[in-house]
Amino acid sequence: MNDFITLNHGSGGRASQDLIKNIFIKSFGDNKTVLSDSAILNIPEDRIAFTTDSFVIDPIFFPGGDIGKLAVCGTVNDLAVSGAVPKYITASFILEEGLPVKDLKQIVNSMAEQAKIANVKIVAGDTKVVHKGKCDKIFINTTGIGVFEKDYSYISTGEKVQINDKIIINGFLGDHSVAVLDARNEMDLKSNVESDCACLNELIQNALKADMRIKFMRDVTRGGLATVLNELAEIINYGIELDEKNIPVRESVNGLCEILGFDPLYLANEGKVLMIVNAEDTNNVIKILQKNSLGVESKIIGEIVSDHPKIVVGKTKIGGKRIIDMLQGEQLPRIC
Amino acid sequence: MKFIDEYRDFEIVQNISKKLREYDREISIMEVCGGHTMAIHRFGIPSLLPENIKLISGPGCPVCVSGIGFIDNAIECSKINDVIITTYGDLIRVPGSKSSLEKEKSRGADIRIVYSALEALEIARSEKNKKVIFLGIGFETTAPGTAVTIQKAYNESISNFYLLSTHKIMPPVMEALLNDKVKIDGFICPGHVSTITGSGIYDFIPEKYKIACVVTGFEPTDLMQSIYMLAKQINSIDQKVEIQYSRAVVKQGNIKAQNIMNEVFETRDDNWRGIGVIPNSGLKLKEKYKSFDAELVFDVKVSSVKENTACICGQILRGLKTPKDCKLFGMVCSPENPVGACMVSNEGACHAYYKYRNYE
Numbered sequence: 001m002n003d004f005i006t007l008n009h010g011s012g013g014r015a016s017q018d019l020i021k022n023i024f025i026k027s028f029g030d031n032k033t034v035l036s037d038s039a040i041l042n043i044p045e046d047r048i049a050f051t052t053d054s055f056v057i058d059p060i061f062f063p064g065g066d067i068g069k070l071a072v073c074g075t076v077n078d079l080a081v082s083g084a085v086p087k088y089i090t091a092s093f094i095l096e097e098g099l100p101v102k103d104l105k106q107i108v109n110s111m112a113e114q115a116k117i118a119n120v121k122i123v124a125g126d127t128k129v130v131h132k133g134k135c136d137k138i139f140i141n142t143t144g145i146g147v148f149e150k151d152y153s154y155i156s157t158g159e160k161v162q163i164n165d166k167i168i169i170n171g172f173l174g175d176h177s178v179a180v181l182d183a184r185n186e187m188d189l190k191s192n193v194e195s196d197c198a199c200l201n202e203l204i205q206n207a208l209k210a211d212m213r214i215k216f217m218r219d220v221t222r223g224g225l226a227t228v229l230n231e232l233a234e235i236i237n238y239g240i241e242l243d244e245k246n247i248p249v250r251e252s253v254n255g256l257c258e259i260l261g262f263d264p265l266y267l268a269n270e271g272k273v274l275m276i277v278n279a280e281d282t283n284n285v286i287k288i289l290q291k292n293s294l295g296v297e298s299k300i301i302g303e304i305v306s307d308h309p310k311i312v313v314g315k316t317k318i319g320g321k322r323i324i325d326m327l328q329g330e331q332l333p334r335i336c
Numbered sequence: 001m002k003f004i005d006e007y008r009d010f011e012i013v014q015n016i017s018k019k020l021r022e023y024d025r026e027i028s029i030m031e032v033c034g035g036h037t038m039a040i041h042r043f044g045i046p047s048l049l050p051e052n053i054k055l056i057s058g059p060g061c062p063v064c065v066s067g068i069g070f071i072d073n074a075i076e077c078s079k080i081n082d083v084i085i086t087t088y089g090d091l092i093r094v095p096g097s098k099s100s101l102e103k104e105k106s107r108g109a110d111i112r113i114v115y116s117a118l119e120a121l122e123i124a125r126s127e128k129n130k131k132v133i134f135l136g137i138g139f140e141t142t143a144p145g146t147a148v149t150i151q152k153a154y155n156e157s158i159s160n161f162y163l164l165s166t167h168k169i170m171p172p173v174m175e176a177l178l179n180d181k182v183k184i185d186g187f188i189c190p191g192h193v194s195t196i197t198g199s200g201i202y203d204f205i206p207e208k209y210k211i212a213c214v215v216t217g218f219e220p221t222d223l224m225q226s227i228y229m230l231a232k233q234i235n236s237i238d239q240k241v242e243i244q245y246s247r248a249v250v251k252q253g254n255i256k257a258q259n260i261m262n263e264v265f266e267t268r269d270d271n272w273r274g275i276g277v278i279p280n281s282g283l284k285l286k287e288k289y290k291s292f293d294a295e296l297v298f299d300v301k302v303s304s305v306k307e308n309t310a311c312i313c314g315q316i317l318r319g320l321k322t323p324k325d326c327k328l329f330g331m332v333c334s335p336e337n338p339v340g341a342c343m344v345s346n347e348g349a350c351h352a353y354y355k356y357r358n359y360e
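Protein chains in written order, with our numbering: chain L, 1 to 336; chain H, 1 to 360.
These are calculated hints, taken from the structure and not from any lab test.
Be careful, since some hints might not be right.
To be verified - Pair by pair, the computed Cβ-Cβ distance ranges are:
id, chain 1, residue 1, chain 2, residue 2, range
1, L, ASP307, H, GLU127, 17 to 27 Å
2, H, LEU118, L, LYS116, 26 to 36 Å
3, L, GLU258, H, GLU336, 38 to 48 Å
4, H, GLU127, L, GLU45, 56 to 66 Å
5, H, ILE80, L, ASN237, 51 to 61 Å
6, L, GLU113, H, ILE80, 20 to 30 Å
7, L, GLU297, H, SER246, 34 to 44 Å
8, L, LYS245, H, ASP238, 31 to 41 Å
Said to hold, decoys possible - The calculated DSBU-like cross-link candidates involving lysine-lysine, where the alpha carbons are at most 35 Å apart (straight line), are:
id, chain 1, residue 1, chain 2, residue 2
9, L, LYS287, H, LYS2
10, L, LYS317, H, LYS251
11, L, LYS245, H, LYS54
12, H, LYS2, L, LYS190
13, H, LYS324, L, LYS166
14, L, LYS132, H, LYS54
15, L, LYS317, H, LYS2
16, L, LYS321, H, LYS321
17, L, LYS190, H, LYS324
18, H, LYS18, L, LYS321
19, H, LYS2, L, LYS315
20, H, LYS251, L, LYS310
21, H, LYS54, H, LYS152
22, L, LYS291, L, LYS317
23, H, LYS355, L, LYS160
24, H, LYS103, L, LYS134
25, L, LYS315, H, LYS355
Please read these numbers as outputs of a predicted model, since none were measured by experiment.
Every residue, glycine too, gets a C-beta built ideally from N, C-alpha and C.
Excised from the complex, chain H in its bound form (with noise of 0.2 Å):
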């Protein structure tokens, strides 16, 4: 297929794979984005890395990160008399602390699987005696988005139409790994991300930490030649930030949508699963939107709650640990009964290393 066999080339994957055996050294890879997670295993990429290579699976799965307090949010959310719940298909099986929007649908609540945020808004257009909520979850690549169904839902005045957020930035999350003990010596850096932010948002890490940068695409003849990039660019002195996907990234990015999602959100600190708070990481309406912001329309505001302590989803998320490591992970813990959020989602870490456990 056009576009395609040619990022799947056999010959060039298997070149690349040969020519990264001229670096010994022992480095350690983090793939921040969960497509790319996805990717790695999909295609079997770990098996073609020589073993001095590690990648690991950074905080990038943005339904990973929301966790527990979102979902809840969202499934009180859903038993309010007249609301229609519009989600993405992930968010759908995420187990909250005590159900899912799948068991809420199931039960009645009318929870309705959306490709984008203009679809929930074309709902609550059509259906304008009802509260038409969506759930905004993912970083600058869905944020501009979302951003612009909200100005629409302004310029047209429509009443019934309401965003609970949980958006977050990548930069602060990837700043805040660099302060913690994690050991990493490169980035692979988002792709879909940085057509909206430009490649410039990575500047302080090779400046400020000597950690090297290079922002990929997501098929293997991508992947591997941004392993490669970055395997060149430690074993050197020169740490900078490469853009090998450069197809589809600028170093300014795309200044239209940064300019929506400027217009319409502003940073607020984050709580991140198994991280923490992180200042200024997560997005929400700024004052000329609010009559949109579910959480000061509809006060659903649900108590925080303990997580399985034997769940290392934390120290995934940070890259310390592999899915490996946890008791939990295929026992206790799969795809069909998830008991972390690493799990839930497709892009999450331990759900792509259940599904493509790396046949060795």
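So that you can see chain L by itself, here it is in the shape it has in the complex (with noise of 0.2 Å):
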């Protein structure tokens, strides 16, 4: 095989079979792996959670994962957080002529890996080249299949959601965007953070199958929490109280913010889930979070509250109150 992906890997004859045998069988297939137009499922449930998403992040390569690890995490966070159990995934690929055949590789092999820990069968795919230039290195397109073990849809609508529910986040917010930023490279800033891209689906089916009353989730990704919660809010009518001071970042992306002049509550995540939990429920809920290693910083950071219906509005750390809106306009483009 060539260093170097040419269009003629693309062209759909003998270069296009030795890439997917090569690359793409050996990382997502087995040996019992034939080739066909489509992919055969045996999915008895009658309701299944399907998802689709699209990964362009510069740079390809960033510490703490890479596209193909965002690309797997990705689709899996959006299946896990409605309730569902990931099973199946597709992926497409868009490569750019010139790409480094070593960085497809670890791109794919990073996938698989993040497959493997997943639990979720990588089953179809598709592989397109185009001229220099005409994209940047690798885009890919992951869609996702998960079915459901009960009937959670009320989980995406945030229809059982009340007053006093707590509200809670798994861990420490915007590493993802500062460990991109630092990959960048433009700015002379080290923060030596990493990106907290992970598939969140056994943290949350630990807390699911515990029968905690887990009233809504979303993965809280570009745009941040404040984005999310706005987008809760303006679903339920009820408004919502973030407690600044709980909120969980590290010191250092904290510092990159205040040079910067970010948000941390506007910035892209790709590990964290929010939980909407009966406040009865809270304190177990954290407990069984924080058994697994992505959920060990899980916090309450806030609660629904019956003022200020559709506003969200954080306690800051002084003791002041501020409304805190949805993120206007793009803070850091192509983050994943």
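From the two separate chains plus the hints, produce the assembled complex.
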């Protein structure tokens, strides 16, 4: 095989076949894999979760992950926060002519590794190659299917959320944004923060299986915590109050935010879930989350209130109050 | 976090908040600097003040007061062959009369965000076949950085670097406000500007107008302490310039930075959006450096345009009205779709009000 991707790899002919066999099947498939036009899945349930996402992050390798890991985690997490158990994923690649094959291999390997961790199968895929300059190295689309072990459809709609329910986050905010910013190396600032990119399905299933009354979940990605909470406030017709002093943010992330004028509440994450939980179950949920390595820093950060419907209010560290609005404009482009 | 948490101490802030209630006279304090407007709302300072203390936002957001003409000029420059526009990120979304730099960028103009003027000069060094124009904006805080860059370009005989300047200085506009009808009892004076200029530039304010001044830092304890210092001064007969931000500001300022500014720039009459022309309030390159002046090199002057008549940015910038008084605020005019300049930049009064609408 060549050291670099050429247009020929997307031709559909011999070179394409070689690429599929030597890279994709080698990582994603098993010995029995037969190439056909579609994967045949056996899904007994009558209700499935179905999602899709595209990944264009720049740079493609960053501290704590790469575009491949992100592409699997992102789709797994979208399924998991709906209360579904992720089962199958498809992966489509748009490659830029000239991409080093070793980079592609590394990306595909980390996709396979994450799929294994998340216990999902990558069952179908596609590859296209475009002329140099027509895309930036590699873009990936993943689509996923998950199944429900119980009817959790209320988790996506937020219909069961009540006043006094507590808001939980499973750890430090903003690590992903800062890691990507670091990797871009545009500002001679080094934070040594790694992206939190991770598959959250096991963490979430642990809490669901313990019959905890989790009423709403979202993964906190682009737009950050502030945006997710505003989306929720819009749906539920109650107010949301955040206690800013309890929101976990690493010191180095805070420091960078101070220098650059960012607010950690608006930074992107790739391994964070926001849960709205019945007040009585809150401590148990925290205990369950903290047993998982992805939930050690879980915290209660606020609650649902009857005041100021549809508005998110933050109690600031100095005891003041402010409205936390949705993200306006783009804080950092191409973060996932 | 060290050097941050100390200045965000709950107890200290609450104590000052209590002490402020010693004074019951109605007073209006203007924060001149956009950075202060931002910090005040970000930390919820208004919710900690007694009702008799009113904060009003002044003309200290450079993007807001520079206005449409500057953006239109930059856009015209971006259409010239082989020109690279380099700009601070704040300007990219600012609407001109017909377009914005962001829109022009999506149409193919070469517009790049930089974090300093020196970064723009570096682009000029590495892309010698292009003409690099830096959009110089800001008060005395950013002007020295621009001046150093121009000096370097001059010393290295770099011939493809230009400055489109809308740099402005602070004292003339403060005096203009005092000569206007604005009711101001005290100024929260800019912190970063004062690191360069020193606090001496405000001496005329208590001397001539008997108005209290406190040079202030940007953290909650800074702001609360300053408001307390101002309340105390206003309730006494002795008006003066005090420095609260003493960890960064001294009376004489940064002499080296002042010298570089004076070497490169001279003042000119300048137009402030919503306020009008203020004598000797803007900065332009001196004769010696005129080969770097984009206004002289590229003939792109566009005629001034009319603004939306319902927009009250001008009165907001003069502290006569607040964003809440504007019919357009939050309805037609929002950060996503700004009509007036105060809604555009993070530091604009309307933007800050919109983002952190005081929770009462």
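Consistency of the hints with the structure:
As the Cβ distance of ASP307(L) to GLU127(H) is approximately 56 Å, the hint placing it in 17 to 27 Å is violated. Against the hinted window of 26 to 36 Å, the Cβ-Cβ separation of LEU118(H) and LYS116(L) comes to about 48 Å, which falls outside the hint. Distance hint check: the CB atoms of GLU258(L) and GLU336(H) are about 26 Å apart, inconsistent with the given range 38 to 48 Å. In this structure, GLU127(H) and GLU45(L) meet the distance hint of 56 to 66 Å, their C-beta atoms being roughly 58 Å apart.
Separation of ILE80(H) from ASN237(L) is about 53 Å and conforms to the stated range, judged on CB atoms against 51 to 61 Å. Roughly 51 Å separates the CB atoms of GLU113(L) and ILE80(H), a value that falls outside the hinted 20 to 30 Å. Checked against the given bound of 34 to 44 Å, the beta carbons of GLU297(L) and SER246(H), roughly 37 Å apart, stay inside it. With their beta carbons about 39 Å apart, LYS245(L) and ASP238(H) fall inside the hinted range of 31 to 41 Å.
The suggested pairing of LYS287(L) with LYS2(H) holds, with an alpha-carbon distance near 31 Å, which does not exceed 35 Å. Taking the CA atoms of LYS317(L) and LYS251(H), the gap is about 32 Å. The hint holds against a cut of 35 Å. At roughly 27 Å between alpha-carbon atoms, LYS245(L) and LYS54(H) fall within 35 Å of each other, so this suggested pair holds. Straight-line distance between C-alpha atoms of LYS2(H) and LYS190(L) comes to about 18 Å, which keeps the hinted pair within the 35 Å bound.
With a C-alpha separation of about 33 Å, the suggested pairing of LYS324(H) with LYS166(L) holds against the 35 Å cut-off. Distance hint between LYS132(L) and LYS54(H) is unfulfilled; the C-alpha atoms sit about 59 Å from each other, more than 35 Å. The hinted pair formed by LYS317(L) and LYS2(H) meets the criterion: a straight-line CA distance of about 15 Å does not exceed 35 Å. A threshold of 35 Å between alpha carbons decides the hint, and for LYS321(L) with LYS321(H) the separation of about 23 Å falls inside it, so the pair holds.
Under the criterion of a C-alpha separation no larger than 35 Å, the hint pairing LYS190(L) with LYS324(H) is inconsistent with the structure, at around 41 Å. Proposed proximity of LYS18(H) and LYS321(L) is supported: the alpha carbons are some 16 Å apart, at most 35 Å. About 21 Å separates the Cα atoms of LYS2(H) and LYS315(L), which keeps this hinted pair within 35 Å; it holds. Distance restraint check for LYS251(H) and LYS310(L): the Cα-Cα separation of roughly 48 Å exceeds the 35 Å cut-off, and the hinted pair is therefore not satisfied.
Among the hinted pairs, LYS54(H) with LYS152(H) is inconsistent with the structure: their alpha-carbon atoms are about 45 Å apart, more than 35 Å. Between LYS291(L) and LYS317(L) the alpha-carbon distance is near 29 Å, which keeps this suggested pair within the 35 Å criterion. Distance restraint check for LYS355(H) and LYS160(L): the Cα-Cα separation of roughly 29 Å lies within the 35 Å cut-off, and the hinted pair is therefore satisfied. Between LYS103(H) and LYS134(L), the direct Cα distance comes to roughly 21 Å. Compliance with the 35 Å bound is thereby established for this hinted pair.
The suggested pairing of LYS315(L) with LYS355(H) holds, with an alpha-carbon distance near 15 Å, which does not exceed 35 Å.
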